[in-house]
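Asker: Order-wise, the sequence lines are chains B and P.
Each residue of the first sequence is one higher than the one before, starting from 3 at the first, in the working numbering.
Each residue of the second sequence is one higher than the one before, starting from 2 at the first, in the working numbering.
Check each hint, because a few of them may be wrong.
Said to hold, decoys possible - Quick list of the computed label-pair ranges, beta carbon to beta carbon:
no.: 1; chain 1: P; residue 1: A313; chain 2: B; residue 2: F307; range: 29 to 35 Å
no.: 2; chain 1: B; residue 1: K351; chain 2: P; residue 2: I148; range: 40 to 46 Å
no.: 3; chain 1: B; residue 1: T232; chain 2: P; residue 2: I321; range: 30 to 36 Å
no.: 4; chain 1: B; residue 1: K167; chain 2: P; residue 2: I321; range: 39 to 45 Å
no.: 5; chain 1: P; residue 1: R219; chain 2: B; residue 2: F307; range: 25 to 31 Å
no.: 6; chain 1: B; residue 1: Q75; chain 2: P; residue 2: A313; range: 42 to 48 Å
It is worth saying that the hints were derived from the structure and are not from the lab.
The C-beta atom is built at its ideal place from N, Cα and C for all residues, glycine as well.
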Amino acid sequence: MSPERTQAIVRLDGVEKSFGAVQAIERADFQVGRGECVGLVGHNGAGKSTLMHILAGTLAPDAGRIEVAGELQDAYSVVLAQRLGLRCVFQELSLCPNLTVEENTRIVHPDLSGWGWRRRAGALILARLDEIFPGHAIRPDALVGDLPIGQRQMIEVARAFSVTKEPLHLVILDEPTSSLDAHTAGQLLGFVRRVIAAGTSCVLISHMLGEILKFCDRIVVMRDGKIVSTGVAANYDRDSLVAAMGGGGAVAQAPAASAVSGPTSDEILVRVKTGDKAVVARRGEIIGLAGLSGHGQTELLLRIFAAAGKSGPDITVKAPVALIAGDRQADGIFPLWSIAENVGVRSLKVLRRHCLISARREAEFAATWQKKMRIRTPDMTNNILSLSGGNQQKALFARALGSDAQIVLMDDPMRGVDISTKREVYDMIRLEARAGRSFLWYTTETEELDHCDHVCVFRNGRIVDQLTRNEVSEERIIQSSFEAVA
Amino acid sequence: MSSTFAAAAPARPSLRARLTSRPFLRAALPALSLALIIAWIAYLNPRAISYFGLSLMLNLAIPVVLATIAQMFVITVNDLDLSIGTFVSFVGCVTATWLHDAPALGLVALLGCILVYGLLGAIIHLRNIPSIVVTLGMSFVWQGLSILLLPKPGGKPPPWLFDLMHVKIPFVPMPIVAAILIGLGVHFALMRSSYGALIRGAGGNPQAIARAGWSLLRAKVAMFALAGLFGVFAGMALIGLTTSADANIGKGYALLSIAGVILGGGEFVGGRVSPIGAVIGALTLTLAGSLLTFMRISPDWQVAAQGGILIAVLAARALIGRREQAMT
């Protein structure tokens with residue numbers, strides 16, 4: 003399926019973009035055919051999001067040509083892109099939390115105005131939500147800020163596919179499934195295939211290589227701002243994709259059994275009861291919290307965090323605690339601070355000289371962790387927002403691992419993080435566990451559970467299944483997550 | 002078509018669930034605090050709750066309500082206007098002098114004021130200067146201009162303005178009718194209209210609005226110009242009521258208006274505002290003064306009492322938020 007030149011809905015020729023000294027995109031040629039689903043993969047900071055921002059008109063390229071539907075665009079902009087039928091679901095959620103679902107729909111549709119706009123907007127978004135995510139339970143007059151992150155992502159996707167007067171030719175989905183559980187993600191990808199069959203085009207960016215291989219017609223691989231490989235999806239498999247991305251050979255799917263060491267001592271650092279069962283973490287143990295998203299895993303982590311250093315009848319937490327948030331924009335980073343300050347804030351006691359923070363110690367601390375976590379930046383004193391999403395997440399890991407915390411809580415922290423970063427972090431976690439730290443790890447990716455010594459599956463705020471490392475399998479977890487529902 | 006939507010739509014929560022839901026409590030809190038103040042006044046002096054009593058107590062409420070709405074527009078786009086007090090003073094001086102003596106000149110001056118406000122919005126957006134800094138500076142400018150224009154208290158409102166502000170409505174005191182009209186009007190424009198949703202979105206997530214192809218500059222200029230317009234209304238209403246001006250007549254309005262917005266359920270950032278709440282907040286703060294009089298407490302304590310009410314209501318709001326978290 004190689005589209006003719008005239009059949010391409012969009013074409014980028016020799017596009018370049020740099021931010022200061024960092025060359026984000028280096029002479030990229032990119033095209034999407036009509037009715038084609040293109041998978042775009044690459045590490046964090048490989049330039050995928052930047053390329054898509056250029057395509058969506060939110061960033062102007064420094065050089066290169068943009069063609070939409072065969073016509074050269076000189077004065078390309080967001081407004082024009084929308085008029086030409088291009089939509090984008092960005093990785094950072096772009097809904098207004100203070101508005102309702104229907105009001106957020108109105109924002110992308112200038113036609114929704116005048117009498118009855120609210121009713122029309124509500125019907126429009128509800129129809130799409132029903133179509134893509136049957137049984138979604140989202141009310142159009144609900145305030146977006148009151149909804150969990152998964153539902154917000156569903157709304158954003160449905161909004162991108164909603165049509166009023168303007169046509170819809172291409173939808174760019176940047177990590178659309180990162181906050182969705184497996185069931186909802188499946189609904190979305192099934193819908194995407196139906197849309198493709200009807201002649202609309204899609205660009206799918208995802209770190210879930212399985213999704214890319216299964217649902218895309220063609221795959222484009224980016225590395226360091228360049229397009230390094232492109233071809234029909236059937237010609238790739240998991241290993242060749244990872245190799246093209248520069249992941250270095252085949253991925254070790256899971257560590258060998260010997261790599262997971264189990265608890266280093268019998269000392270119990272955390273014991274917390276939920277319902278009639280308890281989660282127990284011994285020193286050096288990695289505990290996985292599984293189940294569909296939003297079934298009480300995050301709440302459990304927050305309870306442990308709040309109880310740090312205390313004991314009660316239902317909860318015992320015996321050591322300092324650090325939390326790595328999943329929603330890094332809302333709960334993780336300090337957006338006005340530098341990377342170094344963001345990394346050091348959990349360890350101020352160590353960075354103090356007399357009663358003030360020593361700039362020298364802070365810089366040393368930051369440099370150490372930049373090296374350990376391989377944070378990709380020319381200067382740690384740059385603002386944290388200058389980092390790509392995955393590198394921001396690395397900084398948050400550095401904050402937690404650099405601290406004195408013996409218990410590290412992770413709230414689905416690998417959301418939207420590329421595979422080689424993930425592997426570096428996995429190694430780091432195992433190393434730290436062997437050194438005597440305990441991890442409680444909530445994750446929506448079943449593969450990550452292979453790194454855990456013990457897994458608790460959650461449903462409706464309760465533990466419904468407890469597995470040892472050898473018992474972990476996708477089927478078993480899905481089975482326990484859905485049991486009562488199915 | 003519509004029947005399939007209805008079938009697919011999730012069921013409405015029960016009445017009880019809605020009455021104890023956070024959005025409802027959040028919205029009901031301002032009304033509750035106003036009711037509490039009125040009940041307290043009624044307990045201390047039952048005769049105060051009458052046509053005549055309410056007219057007297059709420060005599061100066063309309064300018065406060067208008068200034069609070071002006072402040073709310075600015076807060077909608079995550080800014081603060083510290084100059085609204087001295088601006089109201091300046092408008093008062095213009096109203097009592099130029100608008101009375103040379104209406105054309107006065108009108109041009111007031112329109113110019115609104116234009117200046119719009120420009121401030123543009124500067125704040127384009128140069129990315131904190132609005133607190135810009136409006137703090139402007140507050141001195143307005144104050145200086147007021148003193149230049151009216152060094153000694155005096156002047157007179159135009160007769161039509163005096164008549165307008167002293168209209169008597171049967172059964173319901175005029176300030177209450179005016180407050181309801183202002184509240185509903187602004188509510189419709191900002192909370193129900195499709196452009197209002199965009200403006201509030203610009204406060205909630207500016208980037209999302211810009212990416213959807215809307216101009217943030219225009220949103221900010223519109224909100225500041227509206228703040229200017231309502232500031233002009235506030236100044237004119239104040240002079241219509243008090244019948245003479247003073248270069249310091251709007252003193253205290255800046256903080257009063259911010260307190261009114263916050264009391265009414267608004268938040269400093271995030272585009273979360275409520276016009277009806279702001280009106281109720283302004284009325285609550287106005288009535289708090291009367292309550293102190295009935296309690297035989299010196300008016301010197303008025304500002305402190307208003308602060309106390311603000312803290313109490315904010316504490317209650319935080320409590321609602323925490324309870325909501327505990328429930329989920």
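Asker: Could you run down the list of hints and mark each one as holding or not?
Answerer: Results for each hint:
{"no.": "1", "hint": "P:A313 - B:F307: 29 to 35 Å", "verdict": "holds (30 Å)"}
{"no.": "2", "hint": "B:K351 - P:I148: 40 to 46 Å", "verdict": "violated (54 Å)"}
{"no.": "3", "hint": "B:T232 - P:I321: 30 to 36 Å", "verdict": "violated (54 Å)"}
{"no.": "4", "hint": "B:K167 - P:I321: 39 to 45 Å", "verdict": "holds (41 Å)"}
{"no.": "5", "hint": "P:R219 - B:F307: 25 to 31 Å", "verdict": "violated (43 Å)"}
{"no.": "6", "hint": "B:Q75 - P:A313: 42 to 48 Å", "verdict": "violated (58 Å)"}
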